[in-house]
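Heads up, the sequence shown is in my numbering, so the first residue is 41 and it goes up one at a time.
Just so you know, these hints were derived from the structure itself, not from any lab. One thing to keep in mind: the hints can contain errors.
[To be verified] With a Cα cut of at most 27 Å, we get these calculated DSS-like pairs of lysine-lysine:
hint, residue 1, residue 2
1, K240, K204
2, K239, K301
3, K88, K149
4, K239, K314
5, K65, K301
6, K65, K204
7, K301, K316
8, K316, K339
9, K181, K314
10, K92, K80
11, K92, K239
12, K181, K204
13, K149, K181
14, K191, K239
15, K240, K181
16, K80, K96
17, K240, K191
18, K314, K149
19, K301, K314
20, K80, K65
21, K149, K240
22, K191, K96
23, K80, K149
24, K65, K181
25, K80, K204
26, K181, K92
27, K92, K240
28, K80, K181
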Amino acid sequence: MMNSETYVITADEQGERLDLLITRKIDEVSRSQVNNLITKGYVAVSTKAEPKPSLKLPVGASITVTIPPDTMPEVEPENIPLDVIYEDNALLAINKPAGLIVHPGAGQKDGTLVNALVYRGIALSDTGGEYRPGIVHRLDKDTSGVILIAKSNVVHRSLSSQLKNRSTVKRYHALVWGTPNPASGTIDAPIGRHPINRKKMTVISTGRPSLTYFDTIETSNGFSLLEVTPSTGRTHQIRVHMAHNHTPIVGDLVYAPNRPKLVSRHFLHANSIKFKHPLTHSEIEIAAPLPEDLTLALKELMHE
């Protein structure tokens, strides 16, 4: 069965090449595959221009990409251990380790959370397509912590709706350089694609509204441990906002490249998530303990 996706060009995406834009939007396909789709007529645009890889579209224009079933191989089941911290007939919650990619993409066809879920043989929602069964939201590769998996489309739609209308509360623990001033506050700054390095995000006037709350738990030795609650869900939001606040996350080589690498990955952990259960409608909160690598780093950097 053909899978089609439609995207609307935002302010920070205008002027970007069509092939690069689609490659970012659909990370299961490579740039060469995208160029092939464009050439064979699987990409349509709302303007009068003929789709070609170098085409640049204005704000508000739409792109529809149809992906033939033979474009990508099937997801192979893999026996990858998972730390299941909650499960019922509607959903499960995984404590994702750092280094585990959530779903297959271009150049990464195996070794992902989705490969592990397929191996378990449980029913999963297919709302996100074959390459994202059950996946309601994502965490960056090197961000650890709780992630929800939907077992049906009804559950998937409910969880997605709660994330979209911001009724879900996600809390993270982040170790940052320096001391936030004030110790608690709100970062309200729009986030969009970096105008030069399109793989990065940045605070930019043409970006999408982005809101992050933070509260200092502890400060010591030039570091601060924060509880961070993003109200919106932009790509790399916490990492970008912390750097914008002059307190970048320890170990973040993308948004704090000039800082010493004191830990093996960026110190960001999805500590808990609170939401309304899609079937029982009762409020539920699921927490994931801080992993050993971050616990040891916290001890070495702040308590010794």
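For each hint, the structure was consulted:
no. : hint        : result
1   : K240 / K204 : holds (23 Å)
2   : K239 / K301 : holds (21 Å)
3   : K88 / K149  : violated (36 Å)
4   : K239 / K314 : violated (30 Å)
5   : K65 / K301  : violated (30 Å)
6   : K65 / K204  : holds (18 Å)
7   : K301 / K316 : violated (39 Å)
8   : K316 / K339 : violated (35 Å)
9   : K181 / K314 : holds (22 Å)
10  : K92 / K80   : holds (10 Å)
11  : K92 / K239  : holds (22 Å)
12  : K181 / K204 : holds (22 Å)
13  : K149 / K181 : holds (14 Å)
14  : K191 / K239 : violated (32 Å)
15  : K240 / K181 : holds (15 Å)
16  : K80 / K96   : holds (19 Å)
17  : K240 / K191 : violated (32 Å)
18  : K314 / K149 : violated (31 Å)
19  : K301 / K314 : violated (32 Å)
20  : K80 / K65   : holds (19 Å)
21  : K149 / K240 : holds (23 Å)
22  : K191 / K96  : violated (39 Å)
23  : K80 / K149  : holds (24 Å)
24  : K65 / K181  : holds (17 Å)
25  : K80 / K204  : violated (34 Å)
26  : K181 / K92  : violated (32 Å)
27  : K92 / K240  : holds (24 Å)
28  : K80 / K181  : violated (33 Å)
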